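Residue numbers (full-length UniProt numbering), protein chains in the order written: chain A, 1 to 420; chain B, 1 to 272.
Any given hint could turn out to be false.
Said to hold, decoys possible - Quick list of the computed label-pair ranges, beta carbon to beta carbon: (1) THR20(A) with SER146(B): 22 to 28 Å; (2) SER146(B) with LEU40(A): 26 to 32 Å; (3) ASN73(B) with THR20(A): 49 to 55 Å; (4) VAL177(B) with THR394(A): 55 to 61 Å; (5) ASP192(B) with LEU409(A): 45 to 51 Å; (6) VAL274(A) with SER146(B): 34 to 40 Å; (7) PRO188(A) with ILE112(B): 32 to 38 Å; (8) VAL19(B) with ALA153(A): 37 to 43 Å; (9) GLY74(B) with SER173(A): 54 to 60 Å; (10) ALA173(B) with LEU40(A): 34 to 40 Å.
Unchecked claim - A short, non-exhaustive set of chain B residues, derived as facing chain A with CB atoms under 7 Å: (11) ALA91; (12) ASP94; (13) ASN95; (14) GLU107; (15) GLU120.
Think of the hints as simulated: they come from the structure by calculation, not from any bench. It should be emphasised that the depicted structure is a prediction, and the values quoted were computed from it without experimental measurement. Beta carbons: idealized from backbone N, C-alpha and C, even for Gly.
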Amino acid sequence: MSAPTTSPAPQQTIAAPTRTVGEHVRDYVARLRGGDLGALPAILGLLVLCTVFSIVRPAFFSAGNFANLFTQGAAVTLIAMGLVFVLLLGEIDLSAGFASGVCAAVLAVLVTLQGLPWYVALLAAIATGTLIGFVLGFLVAKIGIPSFVVTLAAFLAFQGIVLLLIKGGTNISVRDEALVAIANRNLPTALGWALAAVGVGGYAAVQLLRHRNRSRRGLATDPTGVVLFRIAAVAVIAGVAVYILNLERSINTLISSLKGVPIVVPIIVALLVVWTFVLQRTAYGRHVYAVGGNKEAARRAGINVDRIRISVFVICSSMAAVGGIVAASRGNSVDANTGGSNVLLYAVGAAVIGGTSLFGGKGRVLDAILGGAVVAVIDNGMGLMDASSGVKFTVTGSVLLLAAGVDALSRRRAAATGNR
Amino acid sequence: MSATPLLELRGIDKSFGPVQVLRNVDFAVYPGEVTALVGDNGAGKSTLVKCISGIYPTDGGQFFFEGQPVTVNGPRDAAGLGIEVVYQDLALCDNLDIVQNMFLGREKRNGIVLDEATMEQLAGETLAGLSVRTVKSLRQHVSSLSGGQRQTVAIAKAVLWNSKLVILDEPTAALGVAQTAQVLELVRRLADRGLAVVLISHNMNDVFAVSDRIAALYLGRMAAQVKASEINHSQIVELITAGRSGDLGLPPENGAENGAEQAVTVTPGAPQ
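Chain A with its partners taken away, still in its complex shape (with noise of 0.2 Å):
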């Protein structure tokens, strides 16, 4: 596996190792065009949903309100991060809410009731939503019942199981300062950017180091342009977050002061880096790729399709429980509600319109969290415009359609251009 050092000229042929930014340019355009749209239409409707309720509501458009942006969106969105891990087979986990809903109950009953210390409720819990997706993913591998009915039911028995755990309609509060912190307070301001420079430096570095690695060897390279657009785009967006976030948010200051990034912030991002490793640098991710676009080729290149399948789900539900522990964090309590209502949905829908598709074999975590980032804005914006509940639902299932159809319509396109 060390380096060959056999001359790497012949293959020049198929890979021109030098590309101009015009070409990456014109790639992308071409790419786009063939109906590889990847992120572009979660991005777009973000910055349209945001002007326009910025113009609608001003107030949306303030510090505040993009700190509660990432505390209000974070469940959601952590659940969204696990369900692409389903998605990306063409399985689906309609129970992912309730997952949370039973996870939240376990850590709450054991910190609250049985009075242990927080950790440990904290791992009893992620073990919990371990625990399920590992059950479901046997269901679904093993004995072959469709995951869509495995899960269904499993949408069913969770909320019953969350009843149980907190004795019928009861609310048990959670009151812990470490776990009512995860969601409700916020980093010093200097540690905010230090971990900005922390999270830009090692994305500068990574990509550099990757790009030298690969002229040095005489393989295809972005242009260094393009590279260097990447990190610098990465560290004005960290820049940009980080310095918003640790504005004075408090109406009066005398009384309290509330600015720094929400600790939720830097876990969320600590988890996209590690799940985007596991998928795109490790052979894990590229065997849950491989079973999602064709799980028979998957099988003869000796992959166990049955462990990847297991596996997904058992990502899926301990994400889920993550997402549970958020919301415990960030409502200071666990009712027959958490992981309820539209919390499943939203999660689906942030993950179909940050890009993943409902097919199988394409979807990233970041578009969870990109798609995650639309639905709380949608949320978010309506609240402020005191749109009712019913606008709010009938408008996030309207892009959550549209969304889908955008899926639906690039893959057309890219069957009629061949491109996937």
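Chain A is already provided as a structure; the job is to place chain B on it using the hints.
Only chain B this time, still in chain A's reference frame:
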């Protein structure tokens, strides 16, 4: 028949429940040669290939690889021996690119991280070694490739592993004239590089264009295995449809059932 066969099967039996699909099949493949495996639908070609590649366990018979008896209990064993199969449906993932497909299931890694650069380099060298110049970029998704290009990628994938035996299941069935010629040229090049190639095909033109040896299966039995130069088009068709042709092939139905004898390839003066 100077060299020892790379792979030799003796007396292979295979049944699916009550249906006996392969009956005492002998089959030999030589390095540096293209061996065509022909037969009508249901003759057992695909089953034989799946037995060789370890997908189906055999009920009886022996495997010899490079003269040594071996057992093949799964695809991994076959791959370990250097046997690669390119299936009719190619088994490529549309949503992955050429390099990712070529290394699927056997990715090169640095620790837990995929070593993309090395994989891309090796894939490029392999394609260049096969004189493939039709693909634009190694990072193209397979979905954007033509049928012939896909076939090329599937074959390159099989060659990548320093394999000794490559089995191609109907590689030209779905291709146009120009692409068929390209793929056949590639098949010939594999054999010229010293690999043993098994070509399954229904197209007699393809068979005669590239093969050195032809093996005909008839209703689960090996009717004959002969040099391509010693047989003509109509004889092959007879072997495929009737199991015998002149003094070639299986004895008549009511002839003496002698399993060990009837599968022998060329049996001059066999009882008619």
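Hints and how they fare:
The hinted window of 22 to 28 Å between THR20(A) and SER146(B) holds, with their beta carbons roughly 27 Å apart. Checked against the hint of 26 to 32 Å, the pair SER146(B) and LEU40(A) passes, with Cβ atoms roughly 27 Å apart. Evaluation of the 49 to 55 Å hint for ASN73(B) and THR20(A) yields a pass: the beta carbon distance comes to about 53 Å. The hinted window of 55 to 61 Å between VAL177(B) and THR394(A) holds, with their beta carbons roughly 56 Å apart.
For the pair ASP192(B) and LEU409(A), the supplied restraint of 45 to 51 Å holds, since their beta-carbon distance comes to about 48 Å. The beta-carbon spacing between VAL274(A) and SER146(B), approximately 38 Å, falls within the hinted interval of 34 to 40 Å. A hinted range of 32 to 38 Å for the beta carbons of PRO188(A) and ILE112(B) is consistent with their spacing of about 34 Å. Roughly 39 Å separates the CB atoms of VAL19(B) and ALA153(A), a value that falls within the hinted 37 to 43 Å.
In this structure the supplied range 54 to 60 Å holds for GLY74(B) paired with SER173(A), their Cβ-Cβ distance being about 56 Å. Distance hint check for ALA173(B) and LEU40(A): the Cβ-Cβ separation is about 39 Å, which falls inside the suggested range of 34 to 40 Å. Using the Cβ-Cβ criterion of 7 Å, the hint placing ALA91(B) at the interface with chain A is satisfied: the shortest such distance is roughly 4 Å. Interface restraint check for ASP94(B): the shortest CB-CB distance to chain A comes to about 6 Å, inside 7 Å, so the restraint holds.
Hint status for ASN95(B): holds, given a least beta-carbon distance of 4 Å to chain A, under 7 Å. The beta carbon of GLU107(B) is positioned within 7 Å of a beta carbon in chain A (closest approach about 4 Å), and the interface hint is therefore held. Among the interface hints, the one on GLU120(B) holds; its C-beta lies about 5 Å from the nearest C-beta in chain A, closer than the 7 Å criterion.
Comparing the model with each numbered hint stated earlier shows that all of them hold.
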